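Trainee: Each protein sequence line maps, in turn, to chains A and B. In case it helps, my numbering puts the first sequence at residues 787 to 1266. In case it helps, my numbering puts the second sequence at residues 787 to 1266.
Hints in this document: simulated from the structure, not taken from any laboratory. Keep in mind that the hints are not guaranteed to be accurate.
Partial pick of chain B residues on the chain A-facing surface, computed with a CB cut under 7 Å [said to hold, decoys possible]:
hint: 1; residue: SER954
hint: 2; residue: TYR957
hint: 3; residue: HIS1046
Below, simulated DSS-like cross-link-like pairs (lysine-lysine); rule was C-alpha separation at most 25 Å, straight line [what the hints assert, rightly or not]:
hint: 4; chain 1: A; residue 1: LYS900; chain 2: B; residue 2: LYS1130
hint: 5; chain 1: B; residue 1: LYS899; chain 2: A; residue 2: LYS1127
hint: 6; chain 1: B; residue 1: LYS917; chain 2: B; residue 2: LYS852
Computed from a predicted structure; not experimentally measured. Every residue gets a Cβ at the ideal spot worked out from N, C-alpha and C, and that includes glycine.
2 protein chains.
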Amino acid sequence: MSKLKEYEPIFHPRSMAVIGVSGSATTKFGSIFLASLKEFGFKGEIYPVHPKADKILELKAYANVKEIPVDVDFASISVPADLVPSVLKDCVEKGVKAVEIFTAGFSETGEEKKAAIEQEISAIAKESGIKVIGPNCFGVYCPASGLTLLPGYDFPKESGPVAFIGQSGGYATNFCSEGNGLGIRFSKVISYGNACDLNEVDFLEYFAEDPETRIITTYLEGVKDGRRFFSTLKNVTQEKPVIIWKVGFSEAGSRAVSSHTSSLAGEESIWDAVFNQSGAVRVNSLEELIDTTIAFLHLPKDIGKGISVVGGGGGIGAAGADVFEKAGFTLPAFKPETQSKLRKIYQPAGTGIGNPLDTGAPIPPSRETLEAIAEDPGIDILVLYQFIHFISSGGSIEALEDTIAMQAGIKDTYGKPVISVLRPTPADMEMLATEQVWRKAKDRYLEADIPVYPTLERSAKALFNLRKYQSYLDETIVKE
Amino acid sequence: MSKLKEYEPIFHPRSMAVIGVSGSATTKFGSIFLASLKEFGFKGEIYPVHPKADKILELKAYANVKEIPVDVDFASISVPADLVPSVLKDCVEKGVKAVEIFTAGFSETGEEKKAAIEQEISAIAKESGIKVIGPNCFGVYCPASGLTLLPGYDFPKESGPVAFIGQSGGYATNFCSEGNGLGIRFSKVISYGNACDLNEVDFLEYFAEDPETRIITTYLEGVKDGRRFFSTLKNVTQEKPVIIWKVGFSEAGSRAVSSHTSSLAGEESIWDAVFNQSGAVRVNSLEELIDTTIAFLHLPKDIGKGISVVGGGGGIGAAGADVFEKAGFTLPAFKPETQSKLRKIYQPAGTGIGNPLDTGAPIPPSRETLEAIAEDPGIDILVLYQFIHFISSGGSIEALEDTIAMQAGIKDTYGKPVISVLRPTPADMEMLATEQVWRKAKDRYLEADIPVYPTLERSAKALFNLRKYQSYLDETIVKE
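Please build the complete structure, drawing on both the sequences and the hints.
Mentor: And the structure:
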């Protein structure tokens, strides 16, 4: 059976029960979630379940999920851990298709008694066929159906091509909220905690099929079934990039993932092999996850390796050359025609015309400069290193609109990617107005499919990851 | 002769000639510099030199430096390259002690004729004893005497314990302007370009003696005399940390440093040995230079290796543990007493009490929590991972003042460093008000000698660098 159809009740439920919502307190998971769901704008019906209350947040409440008079597709469960199995059984009897269990305090505690309750949940799921996400998770965010994570009431309502799968609720939330300002929009996001039933492989299979998803991203503490994970991953990467941030390799890290989601972290050497042989893209921090996602979102997959770094200052180019060559790119010397075109533009400057190109002053390079470089057959990618306070004529976005449009025009005319390394605004309080311009400029660049990075290093790492994935695909096609 | 005395006219000139200032245009180096010097507030006398003008910017101008009726300690030269030797000879005749030559277009062009002019400058310097900084540089910034870099009119007027030496004018400027918002204040900053006379070793020797300087930082494209550099460096690091950002190791990078400041980049393997054997602290980007400087500024030099990462979220700890263990730190399990204290605080949570500590929610850890951890004999450093929008009660600095004061109190009471990993504000336009709070909080932390970093990775790298320097000192003391 197609996972698309099978997981329909999870991502597009027509109705949802919120079980374990407090009648008064709003600091409990269930209550926060109910409020979030309403505020975010869930498109189906919502049924709070509470032993005594008649109404919660203007919604009619029921004492038990079984008393809800209509079909229930999906339910969230936030009752105390020892009550979860009986609530889950009620859901099965009611015909609920899937649940997300926010409650924590199971196998991750390391206590046998609590782990036994989790095993009971698994057994109920296996026997009945009800799908379980969690326990000890933040659940599912799917903008298309108005479903949100715990709490997630302020997440973007727009959908996008990025899927995220992660044990951690915190990092699911952080990725959504930090990604938002950087133009990352999601098809679906899942925090799945202890994975006592559905796990990373199930979601990988789903996203491989999901037409809404173009890029799959993950935060992994461990996997439940290494063999199945590896073989699935190897298949999925042939169709869609899978970006994996794997943690827990250190001694304390492995202890932490065990007490967080009872995951087995696994040996780093085994994971090295998984990355090398599966085509998954490895990242090592939230920043790298975000940066790499931006590269996959805005750049063609088959970028070349010839880079030109352009900036106002000789040091910038020298540092940039090191960084990009270490990331496997080259900075080819310009062809004689390019050099003579540039020499006409930079006639007054005494210094040589080379790649990296020092434009002498921290103002945006002229159209003629960028055209000359883009016309050079050795250059595949243009990296522009700029300072917002210098390129915005002291801090107005209007002055910048034309510059950004011109740079985007070069990209489109020559079909060569342009990357904007836009230094972060200095952290002084006096620079807040400039920070506003930085944020606007960043939006304009992203709208024009020009990735924006704060540093040379981060841009080089993101482009390296993009290119490595394409190289893997090229090699596996040749082999087969 | 002591370098302190010898370089007095460079850093504390009583009078300064600005040679090569345009009568009208303000976009030329000389004119920009003259305006900067006035605006920044140079404490000595300023004498513009111009062939025809009587007055420039309200200052009496002279046709030749030799016509200035009083002694001139220091001069800046911005005349066209081929006129520099004769202007320099005039300075010698006038008895000027030192000059900074902003003019570019010498050996870095790769043209023999232009390199010959530079050799002529060197020869004049050697013969006459006049000290030359440059050519092709941005000069000297010394807040104590009101001397500033080109342009540098808005640099901090306060002095501080950090010295910077670098070929690049751009990176000297960027380090000053980005460091400013992060509380980095300078004793002296030098951009010395092609180093045809004074070079990195001269300045290293100066800063070793300079009582105002506690931390020496550098950006290097190459060194003029490897042996002398190495032996000087090895001596200086016994007294003061020397943080070096060396570029130009890649093919294009080495080409770039040659055409930038005609430097010979050198082999990376040789530099690896220099770093290992000299005790210099190696950094690889402007960010790492800034981050490491902040660590040296605010932390004791002999920090321990036992770290506790504290944050609201299990994923944060898992990622943090990996990052710090890779950087050579350990996250020791808490002692039983610590665990039992923490268990009382986190009683409701089902999860275990471990290091890294997941406080369950992204609010600041309580005083009791931090006290319990700081009392644990295995813990030397507390790393707090926090999100500004969660710890400031939705965005006010007032709510945060007490929190930061409490955290600073823990540091002082227990004598254990506290590090603040304060996530950058998400880049949405809507978060600008929060960004303002971030900036204020960052200032408060730095005032309390709590280093602030945007990510776990950057904090770990900075602490690693600090600790590596101390390990080097410990080893060399044992050996000797």
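Trainee: To test your reading of the hints: which numbers does this structure violate?
Mentor: Violated: none.
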